[in-house]
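**Student:** Here the structure of chain A is known, so what remains is to put chain U in place on it, guided by the hints.
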Amino acid sequence: MKFFAVNGTRPIRLSEETRKFAFESLNHKYGKDTWNTPAVSMDDYDNFESLTPLQKYDAMIAKISSTAPIRICEGEKISGAATLGIAIRHTIPATFNGDTLYSSISHLTIDFETVLKKGVNFIQKQAEEALKKYKGTEKEMFIQSCLHCIGCIRTWHNRYLQQLENKSQYKANYENLKNVPFEPAKNFYEAVQSIWFTFAFVRLCGNWPGIGRIDWLLGDYLEKDLADGTLTLDEAREILAHFFIKGCEWIRGEECGSGDAQHYQNIVLGGIDEDGKDTTNQVTYLVLDILEELGISDFPTTVRINKNTDNKLLKRVAEVIRLGGGVIAVYNEDLIIESLVEYGYGLKDARKFANDGCWEVQIPGKTFFMYIPFDSLQILQGETLANYNNDISFTDFKALYDKFIRDLKSTVENLITTRNTNSFICTGVPTRDWNWKPNIPCTVVSLFEQGCIEKGASYLEGGPIYNIFSPHIGGLPDTANSLYAIKKLVFDEQKVSFSELMNILKNNWEGYEQLRQYALNKYAYFGNDNDEVDMIAKNIINDFSDICDNASSYSAYNTPAGISTFGRQLEWSPHRMATPYGKKAHDILSGNFSPTPGTDKEGATAIIKSYCKADLKRTVSGAALDIKLLPSAVNGENGIEAIISLITGFVALGGHFMQLDIADAELLKEAQLHPENYQNLSVRVSGWNARFVTLNKEWQDMIIAQTGNEF
Amino acid sequence: MRVADIQRFCMRDGPGIRTTVFLKGCPLRCAWCHNPETQSNKRELLYYETKCIGCGACGVCNQNAHEFSDYHTIQRDLCIGCGKCVTECPTGALEIIGKDYTIQELLKIIEKDRAFYGKNGGVTLSGGEPFMQSEEAFLLLEQCKKKGIHTAVETCGYFSSDILSRAVPATDLFLWDIKDTDSQRHKDYTGVSNERIINNLILADSLGAKTRIRCILINGLNSKEQHYKNVAGIVSRLKYCEGVEFIPYHSYGGAKTVALGEIYLGSDKWIPSKGQIDEAKKYLQNKGITVL
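Note that the protein sequences, when read in sequence, are chains A and U.
Just so you know, the first sequence maps onto residues 1 to 711 in our numbering.
Just so you know, the second sequence maps onto residues 712 to 1003 in our numbering.
This is chain A alone, in the form it adopts within the complex (with noise of 0.2 Å):
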């Protein structure tokens, strides 16, 4: 059994079974009994088709909750299974005559806080207080909706309680599932199994939450229990190592574009909380002993950081960030809880941050969250150059400039402006097949969501407290470096006029290879800490924020800025022509908040230097920042120092979210040809971990031409 590290060994402090347990679950033996019942059928039910989409819904989550296969593991320390493989889609699994019916949920993180201090019972109470207010309006048929599906947990928790009653190895089990979730947990062990229980249910149901805050949620529990002496810390390790490892149930090692592990079950430790007092704790560290023996990438996790956070926490980290696999990434919480606060949420909410399961900053089981992403790049050569046409041309870079923000400022009203006609506000006819509409029920994650059982709506009625609609600027780099180059070579060296450029880059550079060459190598371009064209990056941030948050004016939802890709330079690449800056058409270009491959020669401290300079409390969504390094460059005790020292430089200058991973080019392509002696290898792809495997050669390729930052 040995666990996968790109560099160095992992440790071993879990027993030799529940590192069996993981090794097999790694290994996709549950995740390809998940396929064995894709979903369960809605065929048998009379009228089905007669019903209203919401009872529909509620016969379905009957029926899922009714008959889908129970899974107890050998030897699993806590309970609960989402055993039908078509959630693995994100689909509700249940299907009439053959079809399924509705998408499901993703990109928030539920209310586990609720859960674990009151119970699913404390949520029945206060469902069972909205339908005295709401009886007899039409927003009583969602209460009962709501009341009806905490029926449904009821049942699927009775029928795991009566499958682990009568066997003497489970009693623990039993036990300790008896009480929770329904009742408050009373410790840690039965605090772990309540959010398992819970998290399971609802992704039982086809829906993808993450898992946000857990070192915060169980820290208090684990503290008494061990003052008590009623648990050790091995102790506590193994049931949260459990927790780790049943969280791989959906893992099916088959190949699947962006791979086969991007469920957004993400996790957020460390911290201030809502006081300002910081949540590091005894959970904190097992969490990361267990990433680091394991190396389960199945739950991304994000670390918040401070000025102030304690080297020792810095220095765990970093340790398991050497291991490589891309697990561990880095929030700065100072910047991001000034951003939150400025763009209006309270103080106290704004510390409770955490994510949507990738990485965009929400307020956990408070939010409705979608955002909306756009290409910047496809505006600039389709817009503002319309496709590069010979009669366009600017007398002076800010003519040229101002005009690129109007055609932004046009692009990203529209996409508001429809987004807001195609969701929730309106009942026109949608114009993408994501159908997010009220006629999409979605109870069970509503039951989560604080506001929703209060207001009466569900998650997608703009029932949460916040409901967040955030455009997200791609392929910004490029943009930027596509205007620097011009600037350089049409405005201040002269190279080449205006409708010249043009007509070369219709051409895709065609005859012109020395001025390619020239344009490539001549200038520092964004990730090499050069000001020049650093600051159009930043002006476009700015600009591009300021059109966001003047969107309230006419959007019914919150829409702050996101500067974003996740991956969408593979998709975007046939739309686009050639850049100034020397790429030809069709190149994959920049990710996420983070240089083009192959223009950054200056080093990770470079790269993150430019990234900062950006006002980025102004992306109040969030601006990630992806950096590979070589195991080379972080071995030896320096490794470590050098990682801890990328990190704190990142929070003193004023990063948001920054995303290391240890990668070597070579490692990849050896897996590309032999996969199967890499089936663990896992690699940071955006706000989530993919099996390199797992990935397409499409895919495979990108995050290839992305690593090797040589020192």
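Just so you know, the hints here were simulated from the structure itself, not pulled from any lab data.
Keep in mind that a hint or two might mislead.
[Said to hold, decoys possible] Keeping only pairs whose Cα atoms sit at most 25 Å apart, straight-line, the calculated DMTMM-like set for lysine to aspartate or glutamate is:
#1 U:LYS795 <-> A:GLU513
#2 U:LYS810 <-> A:ASP531
#3 A:LYS601 <-> A:GLU493
**Tutor:** Relative to chain A, chain U alone:
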């Protein structure tokens, strides 16, 4: 100061993250030199054949140093190092090594990564031999120290011992090269004998200099127990030495030598095996010496 290169985000030239300034000029002429472009204190033209697309942009040369027949050749004796061709070359196939900076300019560059230095990281002067430009090196080191930036110097140790009275207080850590402990071999392969280097090291230590000893390991030349024994003997006389680091010979210097239009004297046979590296480390560890 005449600089060959400045590299940020260095993790090999002292503790933490460092900015390394490679200076031009060296009194040694090591056959295995890893940075041959730093030996001469003159501005030199490097030509990387693999990057050349044969566009002829370098034809702007006033000296007619670039010739194109079947392929691109450079008449090095005509080159005055003006860099005109480098400005025009679109691919970076041509490069001038040797740019002059003022102390203020260098400080500005060094300060760029200030946020990443932490307590231990900082600046390393390397080369070449930094003390070939001693006066400027002192000024730069002193200014860095004044700004709270950790200073390290990688030195071959071959200089007038007067240097040390000012160098030691300005340098937080010396990365002190001992290429070979056999005096004759040292002379044969570096052009100078090693007595001065070792005497300077011991003098520096007596002045309180903190050192890390760097030993290049070359298969067939100094991969010998007698050499390890001699190194151990020298280190045992040092009070402030943090340990010894073995640097295995590599032939990357070859490409740069060829780019300089010179003949590379190194050989792949010189690359030590992992076993040899471990043996050398083990020998010193058994003598109670820290191996870094």
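**Student:** Hint numbers the structure violates, sorted upward?
**Tutor:** none
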